[in-house]
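S.K.: The task is simple: from the sequences and hints, build the whole structure.
There are 2 protein chains.
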Amino acid sequence: MNIMEPLFGFAIDLPPRRARDLLGAVHRQLRSAILDGRLKPGLRLPATRAAAVALGVSRNTVIAAYDLLLSEGYLVARRGSGTFVAENLSPPRRFKARSAAPELDRRLAPFWRALPPLPPARAASFRYDFRIGLSDKASFPFHIWRRLSARALRALSKAPSAYAEPEGRPALRGAIAKHIAFARAVACNAEDIVVTAGAQQAFDLLARILVTPGRTMAAFENPGYPPLRDAFAAAGAAVRPVPVDGEGLVVERLPTEARIVCVTPSHHSPLGPTMSLRRRTALLEFAHARGAAIVEDDYDGEFRFAGRPLDALQTLDRGESVFYVGTFSKSLFPALRLGFVVAPPWARPALIAAKRLTDWHGPVLAQDTLAPFIAEGHLARHLRKMRRVYAERRAILLKALAHHCPGRIVPIPSEAGMHIAARLAGDLRADAVAARAAAAGIGVQSLGAYFNAKPARNGLAFGFGMIQAERIDEGIRRLAEVIR
Amino acid sequence: MNIMEPLFGFAIDLPPRRARDLLGAVHRQLRSAILDGRLKPGLRLPATRAAAVALGVSRNTVIAAYDLLLSEGYLVARRGSGTFVAENLSPPRRFKARSAAPELDRRLAPFWRALPPLPPARAASFRYDFRIGLSDKASFPFHIWRRLSARALRALSKAPSAYAEPEGRPALRGAIAKHIAFARAVACNAEDIVVTAGAQQAFDLLARILVTPGRTMAAFENPGYPPLRDAFAAAGAAVRPVPVDGEGLVVERLPTEARIVCVTPSHHSPLGPTMSLRRRTALLEFAHARGAAIVEDDYDGEFRFAGRPLDALQTLDRGESVFYVGTFSKSLFPALRLGFVVAPPWARPALIAAKRLTDWHGPVLAQDTLAPFIAEGHLARHLRKMRRVYAERRAILLKALAHHCPGRIVPIPSEAGMHIAARLAGDLRADAVAARAAAAGIGVQSLGAYFNAKPARNGLAFGFGMIQAERIDEGIRRLAEVIR
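Listed in order, the protein sequences are those of chains A and B. FYI, the numbering for the first sequence is 1 to 484, going by the working numbering. FYI, the numbering for the second sequence is 1 to 484, going by the working numbering.
A few of these clues could be false.
Put simply, identical chains are the same to the list, so a pair is met inside one copy or across any two.
Unchecked claim - Keeping only pairs whose Cα atoms sit at most 25 Å apart, straight-line, the calculated BS3-like set for lysine-lysine is:
hint: 1; residue 1: Lys158; residue 2: Lys137
hint: 2; residue 1: Lys158; residue 2: Lys385
hint: 3; residue 1: Lys385; residue 2: Lys454
hint: 4; residue 1: Lys399; residue 2: Lys178
hint: 5; residue 1: Lys385; residue 2: Lys40
hint: 6; residue 1: Lys385; residue 2: Lys399
hint: 7; residue 1: Lys178; residue 2: Lys385
hint: 8; residue 1: Lys178; residue 2: Lys158
hint: 9; residue 1: Lys137; residue 2: Lys385
hint: 10; residue 1: Lys454; residue 2: Lys40
Honestly, the hints are just simulated from the structure, not real lab data.
M.R.: Given below as structure tokens:
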């Protein structure tokens, strides 16, 4: 280490003489000194020979450092009179960091300034995991996925470098169209489909193209899935909660000004009922009469355990009002980040342009793996298997609730999906029950967070995507102890 | 086939008697008839026995079809008096499709209504491919990628199903921070980084959080990269072009009201010059004085062939003004769709929330493959190799232009990147030259599309990401014939 106070007017710390990057160290320290104003603009630097002696480095090192700073514009050489710190640099001062109150920084748009911080990622693990929205990967045929993925990578390695289609890979769009025509009776062709990064990106893109900020009113189920509502709020929509009953969204309560209506007709999120046919046709009538668009979020309708599925709104729609949103986060796994929209023709160019502007296109490898996974029948096979697995868990769960918590936790009737909701009877408070359950190793969610307007229904949601069948009864038995 | 006009009042087409889905056919046709009004609400259906005879199917088939329609709500049974088409269905009529003029549909927000349709995806292939923005995959170590990808998939298959971190996988953020600290002297830690779906999503997320629609002015280099500008325009920013000279953006010409300034300081897109240090410090001064944010798009700064890289704006910034955007589309390949932002602390919570709302998080497998690819040194090694490859092509290209097109196509000096721009001398028109070249199998782009304001500079851009070294001279020789 070497300190050279008198010559430059400030200390320069150098590494030991034989260190590898002596030049880098000299260069960096001089540059920092120029940038923060310790070496003032116009100042003449010491001659290289004197600097070398003072620093205890070779003269070549000093010459090289000066040369670098000259080439970078930090120094200027004036013929015959030496080397000077450049004028006009006006190096920015070190301003006070604003990090103390980031939400107040006026450079952020208002919506993002006011946003509460995100809860930390759900790293929690529970001995009895009834959290909702998560699927079981244990039975997923990863060996098939690995083979198809390797094949896709080989094909990619041979293709010339290129940006892909914003609307999604043609083979995947074709496979999705066939799959949902068969599995969900959604009538569409490959060209009706836009592949997205999960359902969330579908919501976001639709909010983009449908919302005129500050003008458009969007109606949502209350209770409802908060990230869906948030995507439209972020795009500048006025967000209106509409109540839900045993037949789904109460269409008669829709504000007449609503120009977007978001619903989960196959399996209400989070309460569970299926929207009745009467309400479906009323909603389509509303959309046509008002010129409104409908976003149909079919997040886990593949899993149906009783009755026969009602037709999707998209199937019933004769007015090109419905955007049908599907996801592979539940049928496969969320890490994949693939979903899709079936869009009416009038919205397709805008939707594709929005996808293009927001991230150009989805990841090619994942798409090129999923396409043959669907086309070769692996998805349908996996869904059949998981339907059996989930049906068994669901039956055990209902039985366990009836047995351990009779009259205290009362399931809300539903016929589909990967979770069931339940009312809490008496003076039990759902938030408190969920907190006490978590402390006892039981992951179960209060319905409170799904309500956009008070009063929130006092209830719990039980997912069975994560918990093995043989652990369910024990988990509910322990929950019964918690609420006793 | 069986036609049963008198009983139902309309024709029902059935498949041959022994066909597999006779029940489905009956069910579907009755349902359609109800939905489109051929069977009116309140109408009493024929008795099952009579219907079976008329249709030539078993009575059980008819009973099952009626039961399905009853369970779906299309029919109602009144005790003792039979089965009726449900009232209150008010089935939507088949409305006229609006597809004829999709851009006029009033359900779209104004920006998306007015948007010109996207050009078709660039499926073109050229014998001599000088298109810009595309990298060479031929030398990419796909065998290493495949191994790391298989490892990531194994780990994923063992982890419980979960949504991942919106800001990106911790290991990837750590690897990127180390990589850019070393390769680009960008000072940051893992927590400063948000992983995005390519640079385009970074632009989009920044536009989201920084633009108040209808209020915020954003300044762009003119010429400049159109998709960057478009992302801010889509978010509602007022977009202002600012001229560029040999030192980059002419900072003195920035409108004082600009609150966002987007620049490509390492290698101007598309002209090529590096922004001078004088302009860099002036831009940082402007940002601090006006409370503006700077978006630094470093899209191909890894490839530098002469001189020494100037410090990134992010490195020079003392005011927390700079968002540094990097991408792996050029250093690896665009199909990957991974990029990142280095964000100042005040904007980080909003940026992560925006990522969460727009697509929750990036694909896990790709991130978990890229992280060890960087951490184990494969990225740095690949970049070193490609720097040599591109340097050779660049030298051949410059020599070929000087030899075959002297005084006609004049390269604009630059020291970095995967393309060079050139002025066209005399009365040659770039758009016409590019069109004639394409017809001759030569892919070369006019600079015209990069100009946001007239007059557009008359020039061409030559990429060398796609063309092999040994084809360059021949391609330019043929281009010389085209312009002769």
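S.K.: Run every hint past the structure and note whether it holds.
M.R.: So, going through the hints one by one against the coordinates:
Taking the shortest alpha-carbon separations for Lys158 and Lys137, only the inter-copy value of 8 Å comes in at or below 25 Å, while the best intra-copy value is 31 Å. When the C-alpha separation of Lys158 and Lys385 is checked against a cutoff of 25 Å, the pair qualifies only between copies, where the shortest distance is 19 Å, while the shortest distance within a copy is 35 Å. Taking the shortest alpha-carbon separations for Lys385 and Lys454, neither the intra-copy value of 40 Å nor the inter-copy value of 62 Å comes in at or below 25 Å. Taking the shortest Cα distances, Lys399 and Lys178 never come within 25 Å of each other, neither inside one copy (37 Å) nor across copies (54 Å).
In this homomeric assembly, Lys385 and Lys40 never come within 25 Å of each other (Cα to Cα): the closest approach is 73 Å inside a single copy and 41 Å across copies. In the homo-oligomer, the alpha carbons of Lys385 and Lys399 lie at most 25 Å apart inside one protomer (22 Å), although the nearest pairing across protomers, at 64 Å, exceeds that limit. Taking identical chains as interchangeable, the C-alpha atoms of Lys178 and Lys385 lie at most 25 Å apart only when both belong to the same chain, with a minimum of 20 Å there against 44 Å between chains. Within a single copy, Lys178 and Lys158 get their C-alpha atoms no closer than 28 Å, and across copies no closer than 31 Å, so neither meets the 25 Å cut-off.
In this homomeric assembly, Lys137 and Lys385 come within 25 Å of each other (Cα to Cα) only inside a single copy, at 12 Å, whereas the closest approach across copies is 40 Å. In the homo-oligomer, the alpha carbons of Lys454 and Lys40 never lie at most 25 Å apart, since the shortest distance is 62 Å inside one protomer and 42 Å across protomers.
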